[in-house]
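A.B. asks: Sequence:
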Amino acid sequence: MTRERLSVVVTRRLPEAVETRLSELFDVRLRDDDTPMTRDELVAAVKEADVLVPTVTDTIDGGLLGQAGENLRLIANYGAGVDNIDVATARQRGILVSNTPGVLTDDTADMAMALILAVTRRIPEGLGVMQQGDWTGWAPTALLGGRIGGRRLGILGMGRIGQAVARRASAFGMQVHYHNRRRLRPEIEQELEATYWESLDQMVARMDVISVNCPSTPSSFHLMNARRLKLMKPSAVIVNTSRGEVVDENALTRLIRSGDIAGAGLDVYEHGTSVNPRLRQLPNVVLLPHMGSATLEGRIEMGEKVIINIKTFEDGHRPPDQVVPSML
Numbered sequence: 004m005t006r007e008r009l010s011v012v013v014t015r016r017l018p019e020a021v022e023t024r025l026s027e028l029f030d031v032r033l034r035d036d037d038t039p040m041t042r043d044e045l046v047a048a049v050k051e052a053d054v055l056v057p058t059v060t061d062t063i064d065g066g067l068l069g070q071a072g073e074n075l076r077l078i079a080n081y082g083a084g085v086d087n088i089d090v091a092t093a094r095q096r097g098i099l100v101s102n103t104p105g106v107l108t109d110d111t112a113d114m115a116m117a118l119i120l121a122v123t124r125r126i127p128e129g130l131g132v133m134q135q136g137d138w139t140g141w142a143p144t145a146l147l148g149g150r151i152g153g154r155r156l157g158i159l160g161m162g163r164i165g166q167a168v169a170r171r172a173s174a175f176g177m178q179v180h181y182h183n184r185r186r187l188r189p190e191i192e193q194e195l196e197a198t199y200w201e202s203l204d205q206m207v208a209r210m211d212v213i214s215v216n217c218p219s220t221p222s223s224f225h226l227m228n229a230r231r232l233k234l235m236k237p238s239a240v241i242v243n244t245s246r247g248e249v250v251d252e253n254a255l256t257r258l259i260r261s262g263d264i265a266g267a268g269l270d271v272y273e274h275g276t277s278v279n280p281r282l283r284q285l286p287n288v289v290l291l292p293h294m295g296s297a298t299l300e301g302r303i304e305m306g307e308k309v310i311i312n313i314k315t316f317e318d319g320h321r322p323p324d325q326v327v328p329s330m331l
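Residue numbers for the sequence shown follow the working numbering, so the first one is 4 and each next one is one higher.
Calculated from the structure, these hints are not laboratory results.
Computed from a predicted structure; not experimentally measured.
Think of the CB as a built atom: it goes at the ideal place given N, C-alpha and C, for glycine as much as any other residue.
Treat the hints with caution; some may be incorrect.
Ranges between beta-carbon positions, derived for each pair [unchecked claim]: (1) G84 x N253: 47 to 53 Å; (2) A142 x Q325: 37 to 43 Å; (3) L28 x G136: 51 to 57 Å; (4) E22 x W138: 50 to 56 Å; (5) E201 x Q325: 30 to 36 Å; (6) G140 x R184: 50 to 56 Å; (7) R124 x L28: 42 to 48 Å; (8) A20 x M133: 35 to 41 Å; (9) E201 x R230: 23 to 29 Å; (10) L285 x R230: 29 to 35 Å; (11) R321 x V278: 35 to 41 Å; (12) M294 x A47: 29 to 35 Å; (13) T198 x E22: 26 to 32 Å; (14) M133 x R96: 51 to 57 Å.
Let the hints inform the model, and build the full structure from the sequences given.
C.D. replies: Spelled out as structure tokens, the structure:
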């Protein structure tokens with residue numbers, strides 16, 4: 004006898020509104036706590052489910068997919084990035100993959116601007132003075148930062164988030180420059196008042212702030228490597244709200260420690276939660292725990308996209324946010 008509802012396994016706790024709606028629509032197994040599934044738990048999940056709902060913390064590789072049951076036909080990723088999933092192998096096995104693009108654009112762009120301000124205006128250092136009770140009053144030369152108005156911002160990756168960062172930066176009076184795999188259409192460049200650089204090296208050498216907003220692909224691994232980081236002006240700072248592996252973290256640490264780069268604001272890290280301990284010791288480095296998408300509104304909208312992708316699949320249609328290898 005066929006099941007009336009799809010069997011859906013969710014690998015992490017989601018906002019209550021999302022879990023409630025999933026339970027109403029599908030035969031769903033939810034996570035009891037907010038810890039990542041172990042490898043054995045993921046194996047059990049792919050053997051059991053018609054639909055798996057993983058997050059960016061779950062590695063859905065070829066080995067795991069090789070143990071999937073015949074019923075698994077959709078991986079509805081709770082997140083825009085799918086570098087945690089072997090999309091090509093999934094496709095070979097007849098398993099569709101979907102994601103949640105677009106909903107986190109504004110939240111992530113807001114965080115990029117927050118990091119730019121935090122680093123250039125030395126906000127964490129000021130916070131530390133207050134928390135330690137060391138403030139003795141205003142002084143003309145205390146904690147002097149830099150004004151961002153008039154500075155050159157170089158955006159690496161001018162997709163949805165990069166363009167949202169550009170709009171915010173323009174409102175702060177920054178000059179917007181960008182490097183992208185494909186140049187934007189003239190009307191978009193004009194709207195953003197953005198200057199295109201075909202050469203990433205030439206752009207990096209002339210910017211006051213670099214914002215990393217490109218996806219993680221084989222070609223973007225260590226795109227900001229030691230040689231390219233060395234091109235930055237000693238007064239320049241870099242922020243990364245995209246993927247940690249785009250920046251050579253060890254090289255960045257060395258160059259900040261030596262004074263060759265003025266500072267950094269990072270929300271993502273090359274080795275996940277294993278942050279270079281020397282980075283923690285630098286007062287001109289702001290470190291956040293992957294908070295770029297951490298708004299209740301954004302996380303609920305992600306869940307709504309997951310639900311739409313699953314329901315569309317259940318109705319026999321292609322999920323609206325299906326991912327194919329050519330997109331990567």
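A.B. asks: Look at the Cβ atoms of M133 and R96 and judge whether their distance stays inside 51 to 57 Å.
C.D. replies: This hint holds: roughly 55 Å between Cβ atoms.
A.B. asks: With respect to the beta-carbon atoms only, verify the hint that L28 and G136 lie 51 to 57 Å apart.
C.D. replies: holds (53 Å)
A.B. asks: Okay, R321 versus V278 on CB: inside 35 to 41 Å?
C.D. replies: holds (39 Å)
A.B. asks: Look at the Cβ atoms of M294 and A47 and judge whether their distance stays inside 29 to 35 Å.
C.D. replies: Hint holds: Cβ distance 31 Å, inside 29 to 35 Å.
A.B. asks: Quick check: does the Cβ-Cβ distance between L285 and R230 fall within 29 to 35 Å?
C.D. replies: Since the Cβ atoms of L285 and R230 sit about 21 Å apart, the hinted range of 29 to 35 Å is violated.
A.B. asks: Within 35 to 41 Å or not, the Cβ separation of A20 and M133?
C.D. replies: Check passed, 36 Å falls within 35 to 41 Å.
A.B. asks: Could one say that the CB atoms of E22 and W138 fall in the range 50 to 56 Å?
C.D. replies: With a Cβ separation near 44 Å, E22 and W138 fall outside 50 to 56 Å, so the hint is violated.
A.B. asks: Mind checking the hinted window 37 to 43 Å against the Cβ distance between A142 and Q325?
C.D. replies: Taking Cβ atoms as reference, A142 and Q325 lie about 58 Å apart, which means the hint is violated.
A.B. asks: Return holds or violated for the Cβ distance of E201 and R230 against the range 23 to 29 Å.
C.D. replies: violated (18 Å)
A.B. asks: Honestly, do T198 and E22 meet the 26 to 32 Å range at C-beta?
C.D. replies: violated (45 Å)
A.B. asks: Between G84 and N253, does the beta-carbon spacing fit 47 to 53 Å?
C.D. replies: violated (23 Å)
A.B. asks: State, for the Cβ atoms of E201 and Q325, whether the hinted interval 30 to 36 Å holds or is violated.
C.D. replies: holds (32 Å)
Of the numbered hints listed earlier, those contradicted by the structure are 1, 2, 4, 9, 10, 13.
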